[in-house]
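According to mature numbering (1 follows the signal peptide of the UniProt record, and there is no 0), the residues represented by the sequence shown are -26 to -1, 1 to 506, in order.
Careful, some of the hints might be misleading.
[Stated by the list, open to error] Pairs of lysine to any residue residues, derived as SDA-like cross-links and limited to a Cα-Cα distance of at most 20 Å, are as follows:
1) Lys301 x Glu274
2) Lys140 x Asp95
3) Lys161 x Pro312
4) Lys347 x Ile104
5) Lys228 x Asp322
6) Lys64 x Tyr47
7) Lys449 x Glu496
8) Lys54 x Asp95
9) Lys416 x Glu31
10) Lys55 x Leu366
11) Lys414 x Lys449
12) Lys55 x Ser402
13) Lys482 x Ser448
14) Lys55 x Tyr352
15) Lys207 x Asn455
16) Lys347 x Asp95
17) Lys140 x Tyr501
18) Lys161 x Ala306
19) Lys414 x Gly383
20) Lys140 x Asp109
21) Lys253 x Asn269
22) Lys249 x Asp461
23) Lys480 x Ile240
24) Lys482 x Gln506
25) Lys64 x Ala394
26) Lys301 x Glu429
27) Lys346 x Glu112
28) Lys59 x Asp44
Read the hints as simulated data drawn from the structure, not as lab findings.
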Amino acid sequence: MKHSKKKWTTLTALLLSLVLVLSACSGGNSGGGNTNTSEGSNTGSKEETVAQEEPIEIVWANNFSSPEADGNYVQTEIEKKFNVKIKNIKLERWGWKEQFSVYLASDEIPDIFPIDANETDMATWAKQGIIASLDRAEIEANMPNYAAAVNEFDSGAWMVGMVDGKNWGIPKYWPPGNDGFIPGYNKGWLENIGYSEPPKTLEEFEDVLTKFTKNDPDKNGKNDTYGMSARGKLPIQMFTSVFTAHAVSPYQFKLDAEGKVTWGAITEETRTALKLLNKWYKDGLIDPEFITNDNGQINELFVNQKIGVVDNAGWVNFNPESGYVTKPALEAGIINTPGKPLVGPNGDAYAFAYGARQAPVLLGAQVEKDEKKRKKIYEILEWAATSDEGWLLTVKGQEGVSYEFDENGFPVAKPDESVAAPKLGYGSFYNPLTHIDISKQKYNFDSKMIELRDEITPGIVPLLDVLGPVHMESKSQYWGNLLTLQDTYLIKSIYGEANTDKDFDKFKEDWLRSGGQAIIDEANKIYQERKQ
């Protein structure tokens, strides 16, 4: 045994010597020739340590800008930079929630959740133990530039992620959500009826609609036009200019005369607006097919000179390259000219806006227990949202391949389909926080778009929900039925199947009795708590 032990000891010493010689010859793992092994010193750089570690797997689910292939360019660059391995869960842009529900039902939980999850989803998943509770102080410590950007733009965005006294995500907002809808007009039609500029008041607007309908604005000798249509497929966007002229959106919380929160649909302002819309419908000023119309049909009606007004567009839609109305209209020789919010009977002029606040970015419950993965996700998202390198890679792709900078430093996309977003993986899939750092707007809008914005938006006041997105227990219970009740009544009241007197009163009573009162009570409680 002694002899055998001596032989193994000698062999071990020889092997150890060989390893040391080979290590010295290769200069170590870093390739830099650093052989300092003195006690208390690092045996390698941070890069060496990272290279030796196993990559952290991140399961990344999203329904925006899904890449065609795994292992795409952007994914690979992120993986190399942060020593991670990304598993893509690609969901459809529309109908993603059904797909995702099936995924969750299979006992799978991603590390990063889809961008379109709303505050109701958040609350539901929080109660089911599916998402992680995240400490705000930890987010601020690990995402300092991101947190600073949030606090500068809207520190109230942190409130959206609160459920049962805990924060359930990384705050997110979309600044264009504060840009309200404004009406656009067929410029040629305006000139043909004697208007050198768009109408400014609700009374002038009614006059324009009347003449667009009855004065042959396209000069074809036929009685085949209407003043306007509406997006009946999405009632929140129906006739926004008319409702906001009455300082209301039927789909927003607002303050009443006593300073209490109420729901727009059950207010007298909505009743008054509906009376006017019903009058216009009876007078033939409104396209009777508005009930089933979506944006595609509205586009066609405007381009084919069947209507002369579209009022569910933002300032960006007046860009000559906008696929919604402006570009197809220009191709048909029609100019879509922007108007301003209409001044209503009480002197109010607002533009309906969804608001900038959104539900936060959600992380899977398992991430709450995995500090290493959690901080790695923070690191990646901080880089993607606030650094030029990360933002440009994740949103625009590869410089010189998918885009080039122009003389003003604006990234101009290349038209080559082989380097389009689905091919390389850029867009929003790996960056759910593209609009947080508003300094990155320089990469979103070129000089012409900035000029257009500065020409159209001055003086426009957005009409915003007084609460914004917020989890409400009562909404989870009643909201679906209440929206159906509301959508049905609003449409019927406009085309005349329901009236705006006794039927409006009954609608209001039904709405309150069917859970609406509980929602208003909770809304007031939330509003008062925020004021404290």
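### Task
Enumerate the violated hints, using their earlier numbering and listing them in ascending order.
Checked against the structure, the hints that fail are numbers 8, 9, 11, 16, 21 and 24, while the rest are satisfied.
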